[in-house]
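Turn these sequences into a full structure, and let the hints guide you.
Each number in the numbering used here comes from the position in the sequence shown (counting from 1) with 216 added on.
Since the hints were made in silico from the structure, they are not lab data.
Quick caveat: nothing in here was measured; it's all calculated off a predicted structure.
Cβ coordinates follow ideal geometry from the N, Cα and C atoms, glycine included.
Errors might be hidden in some of the hints.
Said to hold, decoys possible - Computed beta-carbon distance windows for the label pairs:
(1) L328 <-> Q227: 39 to 49 Å
(2) S364 <-> L328: 54 to 64 Å
(3) N344 <-> R255: 49 to 59 Å
(4) L231 <-> Q306: 14 to 24 Å
(5) D329 <-> Q226: 29 to 39 Å
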Amino acid sequence: MVKINGYTIQQIADLAGVSKITMYKFIASGAYTETVGKRNAKLYSETVKNLILTDFKDKKSNTTVSKQETVVNGQNNTYSNDYVSSLKDQIQQLQSFIDHQSEQLAAVQKSLDQAQQLQLIAEQRLDNEQQKVIELSEFNNTQYSKKSFWSRIFPK
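The structure is reproduced here in structure tokens:
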């Protein structure tokens, strides 16, 4: 199973050497997305963490990262190339996770089909055996009832 590891805001703040609140405000002001929300903690992937740290350091040193203009729902938004590449990485991770899950589902479906076929075969064999037992008991009953009392006691 593919597991997506993540970093909390506190861990990212510790790496940057600032408080959790400062890092939270910086992340909230940017366009960073968490990969997984575990309980109430937001987790960020390795690439997003690196992007946050580089953007935070660039903001502190008043340097700018090259930006690319995009239009989403009629609004102009600026995203750094690093952010776009991190989103592409996340998409690839999720796609591989989906592919893995699809393979597992196909294997489970195949196993289920085989189990159903075996169950059907077993039921058919059981029905055949029950039919044979019924026919044999009817045959024995007819043979037994045709003989006289003395011939049943003293067979020839």
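Index of numbered hints that the structure contradicts, given in increasing order: 5
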